[in-house]
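For the sequence shown, the numbering used here puts the final residue at 629, and the numbers step up evenly by one.
It is possible that part of the hints are untrue.
Stated by the list, open to error - Dumping the calculated DSBU-like pairs for lysine-lysine here, alpha-carbon to alpha-carbon at most 35 Å:
1) Lys431 - Lys404
2) Lys431 - Lys379
3) Lys343 - Lys404
4) Lys605 - Lys300
5) Lys365 - Lys343
Derived by calculation from the structure, the hints in this document are not laboratory data. Note that the coordinates shown come from a computational prediction; the quantities given were computed from them, not determined experimentally.
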Amino acid sequence: MNDEYLFLFAQWGIFTTEQCRIILNKFGSFKAAWKGLSYEDIHNLNVRGEKAERVLEIRERISFEQMMKVVRELEVKVCFVDDADYPVTLKQMENGPPFLFVRGKLPDFHKALAVVGTRSCTDYGRLVTKRFTADLVRHGFVVVSGLATGIDSVAHKTTLENNGITVAVLGSGVDVITPNSNHRLAQNIIQSGGAIISTYPLGTLAKRHHFPDRNIIIAGLCQGTLVTEAGQHSGALITAREAHELGREVFAVPNDINKYALSGTNEYIRGSKAKLVDNIGHILEDLKMQIKDMRQILDLSHDERILLERLASGGKTIDDLVIETTFDIPKLCEIILQLQLKNAIAEQNNRFVII
């Protein structure tokens, strides 16, 4: 989207995807919304109290010129959920984030796997992470992780050592790299064709409660999640759980049965929440059909993807779709016809549904 005020709007970091669409439908552009959004508009969106005050405070504090200066210096991009370059895999999530802040180049996520695990990894954890990550890169996968110490860092570094593409998802703004020891790694990821991404506005510090949401994004970007080593309460298991709830594949490498502190993956396998893997072949076999299906999704036009996203939550009438999209009726009918010809949707009882 070519609206530079998108950066300012995204910096609010308050509105949901649906609220953003309602605002855009009213104002027509992010620039008009940034300048014209009133307290009454905010109130009508059910944004109240401290959050409502913060919207107005941020607008008073931030200037367009200052924001553009920071954006140019850091080479930051922002993707809105309805933009063509917003990851399709995240669009499939029911409550995906409205904005992604990006440093670097977003890859094609149709063949991406999350590799996650404990910050306090053992030599065994490093070894299996290196082995699986190197094999994933050789088979053309994008490797996604969280830039934390331990398993995350091993996954990113191994990908780069094997000339692969890796993406780091942060629990802070993309301009706030934590831990400090990973500044060089973050730069290497960007320079090697990968990306640093976040849903948090610029300047946001990493906080403990940010990481569960960060883990949801990691899971949402990928066709599957591989946990190579994790304890009972590891954040990596949150990523695995989210992947499972999204209907994505979850894989786990079995850990030493004598090390209770690192038995999280074994518990996940025992509970049938993850598939036990001891070589790359298991992952390749399970993901083969998913990747084929994802390629079919990626053959759709930008407008067709938007319409399918609206239908993901259930059947909708023409009137529903006019309200929920920016398409007029002639354009909407054209998109519907194309999707029907591709056997992607059908009409049932005056509602259009995904088939």
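Here is what the structure says about each hint:
{"no.": "1", "hint": "Lys431 - Lys404", "verdict": "9 Å, holds"}
{"no.": "2", "hint": "Lys431 - Lys379", "verdict": "18 Å, holds"}
{"no.": "3", "hint": "Lys343 - Lys404", "verdict": "39 Å, violated"}
{"no.": "4", "hint": "Lys605 - Lys300", "verdict": "19 Å, holds"}
{"no.": "5", "hint": "Lys365 - Lys343", "verdict": "30 Å, holds"}
Taken one by one, the earlier hints fail for this structure only at number 3.
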